[in-house]
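Place chain B on chain A using the hints.
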Amino acid sequence: MRFKGKVWKFKDDVNTDEIIPARYLNTIDPKELGSHCMEDIDKDFSKKISKGDIIIAGKNFGCGSSREHAQISIKGAGISCVIAESFARIFLRNAINMGLPILEIKDISGIKEGDYLEVDLNSGSIMNLTEHKEYKAKLLPKFIQEIIKSGGLLKWIKRRKVKNAN
Amino acid sequence: MYKVHKISGLRGKCVSIGYLMAYTITEKILLAHTDKKSIAPGEFIYAKIDLALGNDITAPIAIQEFEAAGAKKVFDRRKIALVPDHFTPAKDKKSAEQAKILANFAKKHRIINYFEVGRMGVEHALLPEIGLVGPGDLIIGADSHTCTYGALGAFSTGIGSTDLAAGFITGCVWLKVPETIKFAYSGKLKPWVGGKDLILYTIGDIGVDGALYMAMEFQGEAIRALSMDDRFSMCNMAIEAGGKSGIIEPDEITFKYIRSVVRPSASLGITFGHRPSSVIRKNIARLKSDEGARYYKVIEYDVSKIEPQVSAPHLPSNSGPVSKFKKINIDQSVIGSCTNGRISDLRIAAGILKGKKVNSKVRLIVIPATQKIYSQAIKEGLADIFLNAGGVFSTPSCGPCLGGHLGILASGEKAIASTNRNFRGRMGHPDSEVYLSNPAVAAASAIKGRIAHPEEVI
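Protein sequence lines correspond, in order, to chains A and B.
For what it's worth, the numbering used here labels the leading residue of the first sequence as 407, then goes sequentially.
For what it's worth, the numbering used here labels the leading residue of the second sequence as 18, then goes sequentially.
With the rest of the complex left out, here is chain A (with noise of 0.2 Å):
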């Protein structure tokens, strides 16, 4: 898989409340959750994001609740993937569960918002168009690459499923 867009960059430590506020969470409608992700940190997040857009945050990206809705917010929203130097545990898991692509890389530093990046999900680079630079994501462990190739949690339980059967 590989998308284009444009960066829209992050701090440290984004918390799941930021990403979409608890006040939303009476709702699991993704378009909904969409129109108020990152609401708290920039109130016209939503309006101002083209389809296909890429996060960049630093470390420990979703710490906080294990909210889904913060990954179908993000998703809703019609961000592409999210790249950061961490990512908090149960934010990590719920996205490779839900098939919400993320990559993790050393030093985001090089990158600004605004910039143009090209990713290749299946190899882990990164391109920086706007500044001719090419990152390489950490490898996902090949269990976490299984359930992300089935196309989510559920999916890897019924091929499972149906391979023990056989």
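If you are wondering where the hints come from, they were derived from the structure by calculation, not from laboratory data.
Check the hints yourself; a few may be wrong.
[What the hints assert, rightly or not] Quick look at which bits of chain A chain B covers, simulated, 3 or more residues with Cβ under 8 Å:
hint, region
1, 425-436
2, 488-498
[As the list claims (entries may be wrong)] Short derived list, chain B residues pointing at chain A, Cβ under 10 Å:
hint, residue
3, I74
4, I78
5, G87
6, H103
7, A113
8, E114
9, G158
10, A182
11, C189
12, G224
13, R438
14, R443
In this text, a Cβ means the ideal position worked out from N, Cα and C, and glycines have one as well.
Same frame as chain A, but now just chain B:
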């Protein structure tokens, strides 16, 4: 040297495991829930679960995914707990619809452990109280504070709704075996210092990602001296350091607690929590980290130097001694939540507020975590103390902790809260602020109208 250990991880079922290595308590519990012969940090496992928990925010997504996957049956209707606690009693129409999804699913699949308003409580206070979780269990919950049950010597961790849906179907969860950091606490606690202060101090030391992906094992004489309620507070906040789980080796205090928890009433159809004490006692004897177990890191603290802690906005890691914050005026004080809404927390707060008045500029909101605690607080006269002081005393709910309802902050307002998170906008307006503390500091601050040490009002 080939040792054979028997761990009774699953309820009543003994699993025989032979192994060469020395294990931490977390590794032992995880191993007991797989078919594997050995286990090591970093390894991916597919483990059996003893309980899968969902609430009114996370379970609706799980149920939707369960149905979308075409699943017809849950893996075990006794091993699922559904607790509508976040926005209940339903705060608006949408929340009511969410809660209804849980009620309908529970009815359809004859889920025994569904807790309706009037019988429910904040999930992480409720489940231990009714004996649904115990030492050696493997528990997953679609709520980040599921790590609370580690206080009983269980492996319990927060997961998402998709994991929960998968758990409902298969009774299993994928996990990466975590590295363990050992936190050893020595010395005697100062007055007004408890489990909450130890964990705020620890998070302040290691940071909000200081234990990322790891198990936090709390050990030492100061931990052995803590009550169960204080241990719950500590393990509850492991996630605030990025931890996968928090755990305390079970001991006589754990055992006494397990024996005392309410035997689920037959009239409610809940019998799952009942386990013979012999099984529990056996569990407790074996649920310890081996000598020579491998730790990622060992961190030692002398607790005799620790003051009551306050965490300033907007991260739990911004902690420091209460004396540093005495100039901060507050508009609201919240005592409650899965961190500090238990009976001992309310007793401490009432002890401070007895015969005193809440500052005229402050709203005091006390929310007992469960129906049992609510009723106990009324019986003991604690509710009267809060009301006479000029506070409110609410029915159990997560309430304002996550900015749901029952005490949302306006712009520019400041609150002190015995809760677990102080992220920007957590309790309401994005320009409001939350300071975290123990219940004694929250109560003293309500009287003073500014952040205060309990000694200032006693």
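Status of each hint after checking the structure:
1. 425-436: holds (count 7)
2. 488-498: holds (count 4)
3. I74: This interface hint holds because 5 Å falls under the 10 Å limit.
4. I78: Holds, because the Cβ-Cβ distance from I78 of chain B to chain A comes to roughly 5 Å (cut-off 10 Å).
5. G87: holds (9 Å)
6. H103: Because about 7 Å separates H103 of chain B from the closest Cβ in chain A, which is inside the 10 Å limit, the hint holds.
7. A113: holds (9 Å)
8. E114: holds (8 Å)
9. G158: holds (8 Å)
10. A182: It holds, given that the least Cβ distance between A182 of chain B and chain A is near 6 Å, below 10 Å.
11. C189: holds (9 Å)
12. G224: Since the shortest Cβ distance to chain A is 9 Å, the answer is holds.
13. R438: holds (7 Å)
14. R443: Check passed: Cβ of R443 of chain B comes within 5 Å of chain A, closer than 10 Å.
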